[in-house]
Amino acid sequence: MKVSSKRRFVVLAVFGVIGLIFIISLFRLQVLDPTYKQYATNNVLREVTQYPARGLVFDRNGKLLVYNKTAYDLLITPREVTKFDTTLFCNLLDISIEDLDVGIKKATKYSPYKPSILIKQISPERFAVLKEQLYKFQGFRTQSRTLREYSTTAAAHALGYVGEVSNRDIKKDKYYKSGDYIGVSGIEKTYEKQLRGVKGVKKNLVDVHNRLQGSYRDGKEDIPAQIGKNITSTLDLDLQLYAEQLFQNKKGSVVAIEPATGEVLAIVSAPTYDPGLLVGRVRGKNYSKLLADTLKPLFNRSLQAKYPPGSTFKPMNVLIGLQEHAINTNSRFTCSGKDSRPIRCTHNHVTPTNVVQAIRESCNAFLWNTFRAIINNSKTSAEGFNAWHDYVASFGVGQNISSDFSNGLKGDLPTEADYNKIYGKGHWNALTVRSLAIGQGELGVTPLQMANYGAILANRGYYFKPHIIKEIENDTISQSFKIKHEVQIDKKYFEPVIEGMSQTVHNTNLVYTSKIPKIEMCGKTGTVENNHGSDHSVFVAFAPRENPEIAIFVYVENGVWGSRYAAPMASLMVERYLTDSISTRRKYIEKRMIDANLLNPIQPK
Amino acid sequence: MAKRNNIWANIDWITILLFMLLVFMGWLNIYAAAYNEEFQSIFDTSQRYGKQLIWIGAAFVFAFTILIIDTNFYVFFSYILYGILIFLLILVLFVGKEINGARSWFTIGSFGFQPSEFMKFATALVLARYMSTFGFKIHKLKSLGIIAAIIFTPVIFILLQNDTGSALVYFAFVLVLYREGLSGIVLFVGSLIAILFVLALVISPLTLYTVLTGVTLLVFLIFSTKLVQFGRVFAAYLISTTLFFVLNLFVEKEYSFADILVAGSILGSVVILLISLQKRLRNYSIISLVFLGSIMFTLSVDYGFENFLESHHQARINELLGIESDLLGAGYNVNQSKIAIGSGGIWGKGYLKGTQTKFDFVPEQSTDFIFCTVGEEWGFAGTSVVIALFLFLLMRLIWLAERQRSGFSRIYGYSVAVILFFHFMVNIGMTIGLMPVIGIPLPFFSYGGSSLWSFTILLFIFIRLDASRFDQF
Ligand SMILES: [Zn+2]
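Chain order of the listed sequences is A and B. Position 180 of the first sequence, counted from 1, bears residue number 180 in the numbering used here, the numbering being contiguous throughout. Position 386 of the second sequence, counted from 1, bears residue number 991 in the numbering used here, the numbering being contiguous throughout.
Excised from the complex, chain A in its bound form:
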């Protein structure tokens, strides 16, 4: 045991050596080594999210539509806050003491240790003043964000807006953190992934006074933000602005499409709003204001309004009749005008009419006969109706054709089942559903679908899904835009119909308001019955007749007759688009259209 008891000294020595090593290390660490003292005034590794600039949006001619401006968020880390001059603070930021109190409480509840946004989107001017004074306020720092800025007030609905992410967005996609921005509607929503870019992280060392001590490990661990991709839209800013000008003080919608590609040239939902209103700190307030507006400026009529197409639907019914051999190009039907049964015809014209004349005169009697022949072409009315239904569906009616629009509706196309439900199986026939013959009844078509219908007429039988994006920088657009959708009508049946549409513009009273010099526009007017006020004015058209460059649909609520507003407005837009100007002798029409105020639902006949 003698040897063993001496070993206590070895054990004690081991204890002592470790203790000594610790004391020496701590002395070095705490007293000698200045590196930790440099961090020391309280170095904090601060991860600063780097927000990439959102991609820019251009029109089809390279004109800038949407860009960015810088704003600043003020962040608070409650634990780090020491006593500060609240009056000065509130003055600098233009907020009330109560707001500040509520904000700090909310931030503390979120986390006393983590920074959270106290005040959002401080303007660069205010920020410049604040920056000078920020050192007086411990626990506060700023981060820069980019906000959207619009070069014009045009295309608010199409471009959409950016808003803060909702809890649902955060749950759905881990990329988003509370306080991030996300496209809420329009292009901003559909092309969110391309436009937003990818957030980065910068790691900074900051001392207790919020002074930057430099980047962490020389920025080796920083992840740079990837800037958003620029997007070229199919919109023609000039046409868009012109259409919006024509639609001032009116309700309704315009959609113009390039038939050869399906590219949307202009898309208006009137009344519109200044997209700049939904940016920055004023967004919430303005949004509620727009939401409360009885004219529903936030409602995107071009994609979501389901209008009955009225007489503009007639060329389609005639095409179906020809294809089904229910009628042929020589078919003639007598019209008794107001005495026509079961559908009255609205005005006097030559009788009997053939296809061309019937379209020119918009003859209800001819259309009724055609429709009845289509339905009765099969063994049962239901079978005949189903054949008709499939033709109409191939025109995109009742289908979702809104490829890259964020919230397009399908519209309504009644089915056999619908009518069986209403009338009972076998208890309905062509007479029962006769309003379909003249584009009324259970039909609900969006302006986008109607413009697409215009493009089908222009193309003599096919369409490309209407889309609003032409190019994405360093990326490709959807291949689905290049797929040709054929309707089930032979090309040869289009000529008589198109001749009728040409005569509509050139051989009726429309010639005074809607004929474009040197350009042959083909169109069809419509007047949609309205029980709540004056009827709606509708017009579908394309031009020129050969190699059409534009198909257009115009819907003017309470415009009384198709020929009164919709057709002249469409002709002006087509002229503007094709010739870049309005001919001098049509200037007075332009003025009349722009000046017209149709916001009162009752207009003189």
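Quick caveat, the hints were computed from the structure, so don't treat them as lab data. Here a beta-carbon is modelled for each residue, glycine too, at the ideal position from N, C-alpha and C. Possibly wrong hints are sitting among the right ones.
[Claimed, not checked] Only pairs whose alpha carbons sit at most 25 Å apart, straight line, appear in this in silico SDA-like list of lysine to any residue:
(1) B:LYS954 - A:ASN167
(2) B:LYS954 - A:SER435
(3) A:LYS6 - B:ILE619
(4) A:LYS289 - A:GLY426
(5) A:LYS6 - B:ARG1010
(6) A:LYS131 - A:SER96
(7) B:LYS954 - A:SER25
(8) A:LYS136 - B:LEU904
(9) A:LYS6 - B:GLY795
[To be verified] Stretches of chain B that chain A covers, calculated by requiring three or more beta carbons in the stretch to come under 8 Å of a beta carbon on chain A:
(10) 771–785
(11) 839–849
(12) 942–956
(13) 980–989
(14) 1024–1037
Chain A is already provided as a structure; the job is to place chain B with the ligand on it using the hints.
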């Protein structure tokens, strides 16, 4: 003689005072670490410092109870206690709750219980009981086998819980065995292995083998009676290394200089070993053998590290040794911890004035990294006081152990000292970056009922044994 039976008169109050000081300082620092403006009442039991207060109270009750129980209880019940705790260690594998990747906790409501903490004193008791039996000889194979079984049975089950830190503590018992007569060679070889292990991972192979060769040559020089003899040794290494160097020029695959050095050293050592065995030069045989063994060991460390250790252990060891600085992963804790301690300076930032040691920057602030708070708020003054107190306690325990008349009490006393020492060494070493981040608590300081109670029981059983040292046979 009346005095001998009065345990209160024979209790070592100095140890109890040290214990109370450490517990009190620990609690002050837990309060600082978890300090929260919204919950300023120190008695708020929803906060850690409030809970710790309850646990401290309970610890005192345990301590008092231990002191009034007869010492024979610990001797006779040691095996049963050991058995029960082994059973709990197994049970926890099946019904335990996983916390931080280790399945080592029983939870009953909000109360947690970690059997591996209590296993330590049971193991110490059994070891003391077995090694103090009459006629015990440490170097008998059977004795070593039983000792290994006593120590490694809990280690195996704790490793199965994935709680490496707690398992490593049992290696501290090697110091107890050393005190009880285990050959010093074991300690020497153990230390050599530990040092080589670290060096193998830290420094480049070339540097390592150069140093190793240099040291070996130096040792040869010291043990050489004639310079000519040393010259021959030196020549053997030089020639074999040169041989490989020249060979390298003729092979297609180019070997690094470190590889050549290793091959040369091995060949040289084998030659020297064979010659010295033949000529019966004992010192030379041993030195060349140790050198050969060291090279083999370092080679296998590199291989084993890559192939057998789990990646998070690799990362932690790598970080400790400064090989890979993953400052957001394993290195984050240590870096933040060092910043916190380093920023304390000489006198510290003042109580509750610490800025680093708040939740966000140093994780596990009130448990494993409680020493950071000491470092930041009390500075070098505070940390040296804490280290001094621990060293004083450890030395006091050794002193007390040596004055025991019974082997049982002495062995148990040593066990207490080395267990506390191991925790002290690893925990503080970890916070200042000298040890890998192994999550074991700082005795009496760290937050947590299980650890506080187990250390209290561990210590007070020894205080009780010491108090009745005069009664012992
Ligand atoms: Zn008619």
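Holds or violated: are the alpha carbons of LYS954 of chain B and SER435 of chain A at most 25 Å from each other?
Distance of about 87 Å is beyond 25 Å: violated.
Chain A over the stretch 942–956 of chain B, status - at least 3 residues with CB closer than 8 Å:
holds (count 8)
Within the stretch 1024–1037 of chain B, is the number of residues with a Cβ closer than 8 Å to a Cβ of chain A three or more?
With 6 residues in contact (Cβ-Cβ under 8 Å with chain A), the coverage given for the stretch 1024–1037 of chain B holds.
For the pair supplied as a hint, LYS131 of chain A and SER96 of chain A, confirm whether the alpha-carbon distance does not exceed 25 Å.
19 Å, holds
25 Å limit on alpha-carbon distance, applied to hinted pair LYS954 of chain B and ASN167 of chain A:
Not satisfied, since the Cα-Cα distance of roughly 41 Å exceeds 25 Å.
Verify the proposed pairing of LYS6 of chain A with ARG1010 of chain B, using a straight-line Cα cut of 25 Å.
16 Å, holds
Is the straight-line distance between the alpha-carbon of LYS6 of chain A and that of ILE619 of chain B 25 Å or less?
24 Å, holds
Can the stretch 839–849 of chain B be counted as covered by chain A under the rule of three residues or more with Cβ-Cβ separation shorter than 8 Å?
With 0 residues closer than 8 Å to chain A, the stretch 839–849 of chain B misses the three-residue bar; violated.
Does the alpha-carbon distance linking LYS6 of chain A and GLY795 of chain B stay inside the 25 Å limit?
20 Å, holds
Quickly compare the C-alpha distance for LYS954 of chain B and SER25 of chain A to 25 Å and report which way the hint goes.
At roughly 19 Å apart (the allowed maximum being 25 Å), SER25 of chain A and LYS954 of chain B satisfy the hint.
Three or more residues of the stretch 980–989 of chain B near chain A by CB distance under 8 Å?
holds (count 5)
Distance restraint between LYS136 of chain A and LEU904 of chain B, which requires alpha-carbon spacing of 25 Å or less:
59 Å, violated
Going down the numbered hints, you'll see the structure goes against 1, 2, 4, 8 and 11, while the others check out.
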